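A.B. asks: Read off the chains here:
Protein chains: 2
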Amino acid sequence: MNEVVMEQARRAKKASRKLASLSSDTKNSALLAMADAVISKQSEIMESNCMDVTAGKERGLAGALMDRLALNEKRIAAMAEGLRQIAALPDPVGQIMDGSRRPNGLEIQRVRVPFGVIGIIYESRPNVTADAAGLCIKSGNAVILRGGSEAIHSNTTLARILGSVAEQHGLPEFSIQLIESTDREAALTLMQAEGLVDLLMPRGGESLKKTVMANAKMPVLTSLGGNCHTYVDDSADLKMSEEISFNAKVSRPSTCNAMETLLVHNSNAANLLPKLLTRLADAGVEIRGCDRTRALYPSAMIATELDWETEYLAMILAVKVVDSLDEAIDHITQYGSGHSETIVTENYSASEKFTQEIDAACVYVNASTRFTDGFEFGLGAEVGISTQKLHARGPIGLTELTTYKSIIHGNGQIRV
Amino acid sequence: MNEVVMEQARRAKKASRKLASLSSDTKNSALLAMADAVISKQSEIMESNCMDVTAGKERGLAGALMDRLALNEKRIAAMAEGLRQIAALPDPVGQIMDGSRRPNGLEIQRVRVPFGVIGIIYESRPNVTADAAGLCIKSGNAVILRGGSEAIHSNTTLARILGSVAEQHGLPEFSIQLIESTDREAALTLMQAEGLVDLLMPRGGESLKKTVMANAKMPVLTSLGGNCHTYVDDSADLKMSEEISFNAKVSRPSTCNAMETLLVHNSNAANLLPKLLTRLADAGVEIRGCDRTRALYPSAMIATELDWETEYLAMILAVKVVDSLDEAIDHITQYGSGHSETIVTENYSASEKFTQEIDAACVYVNASTRFTDGFEFGLGAEVGISTQKLHARGPIGLTELTTYKSIIHGNGQIRV
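One line per chain: the protein sequences are D and Y, in this order. Each residue of the first sequence is one higher than the one before, counting from 25 in our numbering. Each residue of the second sequence is one higher than the one before, counting from 25 in our numbering.
Hints in this document: simulated from the structure, not taken from any laboratory. This one's a predicted model, so the numbers in the text were calculated from it and none came from an experiment. There's no promise every hint is true.
Identical chains blur together in the list; that is why a pair holds if it fits in one copy or across any two.
Unchecked claim - Lysine to aspartate or glutamate pairs mimicking EDC-like chemistry, simulated, CA-CA at most 20 Å apart:
id	residue 1	residue 2
1	Lys42	Asp306
2	Lys81	Glu218
3	Lys233	Glu218
4	Lys234	Glu218
5	Lys37	Glu267
6	Lys234	Asp115
7	Lys234	Asp306
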């Protein structure tokens with residue numbers, strides 16, 4: 025147990041009580057002031073970031089990590105802009121979900137309320153500090169941030185600036201706190217602070233998420249991987265099939281909503297695959313196919329069981345020819361991760377069967393899986409994408425950072 | 025690992041795919057046929073129950089457990105009636121929660137769908153077998169039941185009857201299964217069947233629930249205890265205060281929504297407490313009070329720290345005089361379990377402050393906490409009451425046995 029972290033959790037819990045009742049106006053003006061402060065304190069932030077970057081170089085951090093770590097004027101401006109956008113979003117707190125008047129006169133409302141204290145554990149990108157703090161504040165939650173050791177100076181400075189500006193603009197003290205210790209025990213203490221931290225959100229790589237899920241004593245909300253499929257049906261429009269498949273694979277292959285396996289009905293294989301796979305290969309995609317795919321496109325490598333299971337997050341595509349919609353659904357049920365799946369079809373019954381039988385967060389007809397995203401869904405903010413079934417499934421918006429309570433107004437009712 | 029249980033889980037998963045698409049009509053006629061079968065196979069059920077009752081007597085089961093175990097004509101009729109009521113409830117599956125057309129023409133709907141496979145682990149009452157099976161089937165979920173060893177014969181017979189009737193009426197085979205092994209390993213296997221069982225619901229005592237929460241690899245939905253308070257404000261109507269307090273304590277003290285601690289503003293203590301506490305004591309309630317309470321009602325025992333923390337579930341009441349609404353809110357925040365809390369007041373601002381600041385599933389103004397209940401809230405079925413914040417909070421209805429997915433209809437959209 026790290027006593028400093030426990031004390032932070034207790035302070036956050038206390039702050040959360042006041043935060044829950046704040047008006048949207050107060051929260052929004054604090055968010056706007058936080059955005060201004062990120063700009064006006066830019067040199068201070070850059071100074072801290074330089075210390076992280078220097079330390080990273082000394083430790084020999086990989087190029088991609090160094091790139092994510094380094095701040096510059098543009099990235100700081102984007103951080104401020106992100107906070108302004110959060111200020112502009114509708115406030116989920118206080119929303120009345122539903123309500124009824126019971127026969128005995130009791131008036132029951134279900135009202136959205138903050139969780140209380142949200143813990144965010146993340147990796148090297150310092151912009152998450154501002155983003156996560158903004159989302160939690162907007163949804164009325166106190167936040168405890170735990171960033172990676174690579175970005176500790178940047179994060180400490182950012183959290184101090186954001187926290188003090190927030191307090192100056194009407195938010196309770198300790199609404200935004202950062203865990204300054206970078207050791208494992210501090211993170212574990214946060215995961216074990218049951219009763220004080222109401223929700224944990226890990227943001228980063230799969231191993232971070234798994235550690236949090238294995239150790240957290242409180243609910244966890246996170247986005248797991250996506251092994252997404254495109255199925256080209258018997259009746260599909262071939263031009264549309266090609267465009268959707270190309271987009272789903274190539275437009276941003278490192279994201280969880282990118283296609284990893286293409287399934288094609290045998291009746292369309294000969295007309296579609298040679299042209300589509302050539303185009304994909306020309307764009308740099310490595311093709312791994314089943315026997316029938318390789319008969320039509322001989323330069324494909326042999327796909328093995330492992331390929332059906334793998335979320336490449338890279339310019340690699342597994343391709344399989346199937347004999348029916350049922351076989352496609354069975355394949356997706358066996359190997360899919362429940363993220364995003366799409367069918368290309370002109371057949372009404374096939375579209376209905378696919379959307380009903382596929383068990384995934386987002387099921388598409390005639391569109392690219394790449395649309396699974398908070399902004400594309402109109403949620404405004406990008407909190408993440410959930411493949412779990414409890415509480416939040418698919419794109420997570422601000423609303424999912426709230427729970428609800430029932431408020432019941434009576435005039436003396438007793439239960440008989 | 026118990027291989028039989030793993031195989032049951034795999035079969036349930038397969039059944040769940042078909043169950044998810046069944047029409048409400050099919051599910052309802054199966055439920056009605058299940059109700060009829062419980063009546064027509066009554067003698068078979070009673071025979072099995074006799075074996076359990078005989079075994080229970082031999083093992084020296086306590087009277088209360090024996091009472092919960094024993095079936096009779098009336099209890100079997102109630103079981104059938106429960107299934108008929110579930111058939112009459114609205115089907116949550118397929119409900120469109122919300123939807124939008126995006127600027128690019130994508131039509132996004134969020135639709136309620138079953139979880140898939142629900143595991144229910146419960147104790148000696150055999151009626152839970154019918155009730156849990158009915159609720160899961162209605163919400164489109166396959167169910168794996170694990171009852172207590174005391175009721176194993178009754179449960180096995182009931183599950184066999186219900187399962188075969190369900191199958192005869194259009195439900196997929198293995199929609200309803202019971203784990204026949206009563207050893208700990210079988211239960212643990214169910215809790216570890218990640219990827220096959222989507223949700224676990226323990227129903228029974230606190231130790232069962234804690235075991236499940238500590239061991240389950242999948243999400244758990246359960247009802248924890250209620251340390252509920254009634255706060256009589258400065259401005260409260262004294263007659264209403266007396267009636268609500270009496271009802272909240274005495275009408276059914278063994279339930280989680282019963283009052284455990286009464287908080288009274290000092291300005292009302294002298295007018296309310298002597299009369300109310302005498303009435304409660306006359307009804308058999310043991311009073312444990314703070315010093316100021318005991319000054320007004322000397323026969324009260326001394327309340328200690330432990331009393332503020334305890335959910336008695338019995339005819340015992342802790343009483344404390346407080347100096348302000350804030351002190352009452354602080355007390356409830358410190359000791360409450362987030363279940364049900366009520367304020368009795370005629371003051372508008374006090375009612376607003378209380379409903380906003382109290383962090384509980386159900387927050388009442390001028391009504392007894394005893395109303396926290398699925399039926400009283402108009403949900404129809406009694407699945408339980410959740411004090412967790414994720415997914416379901418307060419009374420759990422059939423709707424909470426579902427998750428949702430986004431179904432997106434397009435006409436060739438790709439992401440730019």
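A.B. asks: Pop the pair Lys42 and Asp306 into one bin, within, between, both or neither, using alpha-carbon distances up to 20 Å.
C.D. replies: neither (58 Å within a copy, 41 Å between copies)
A.B. asks: Please sort Lys234 with Asp306 into within, between, both or neither, judging by C-alpha distance up to 20 Å.
C.D. replies: neither (36 Å within a copy, 56 Å between copies)
A.B. asks: One pair to classify: Lys233 and Glu218, alpha carbons no more than 20 Å apart. Within, between, both, or neither?
C.D. replies: Result: close both inside a copy and across copies, 18 Å intra and 17 Å inter.
A.B. asks: Up to 20 Å between alpha-carbons, please classify Lys81 paired with Glu218: within, between, both or neither.
C.D. replies: Neither way: Lys81 and Glu218 sit 38 Å apart in one copy and 42 Å across, limit 20 Å.
A.B. asks: My question is about Lys234 and Glu218: at a cut-off of 20 Å on alpha-carbon distance, are they close within one copy, between copies, both, or neither?
C.D. replies: Classified as both; 18 Å inside a copy, 14 Å across copies.
A.B. asks: Should Lys234 paired with Asp115 be assigned to within, between, both, or neither, using CA atoms and 20 Å as the limit?
C.D. replies: Neither. Shortest intra-copy (31 Å) and inter-copy (35 Å) distances fail the 20 Å Cα cut-off.
A.B. asks: Measure nothing new, just compare the shortest in-copy and cross-copy C-alpha distances for Lys37 and Glu267 to 20 Å and report within, between, both or neither.
C.D. replies: Neither, since 50 Å and 34 Å both go past 20 Å.
Violated hints, in rising order: 1, 2, 5, 6 and 7; the structure is consistent with all others.
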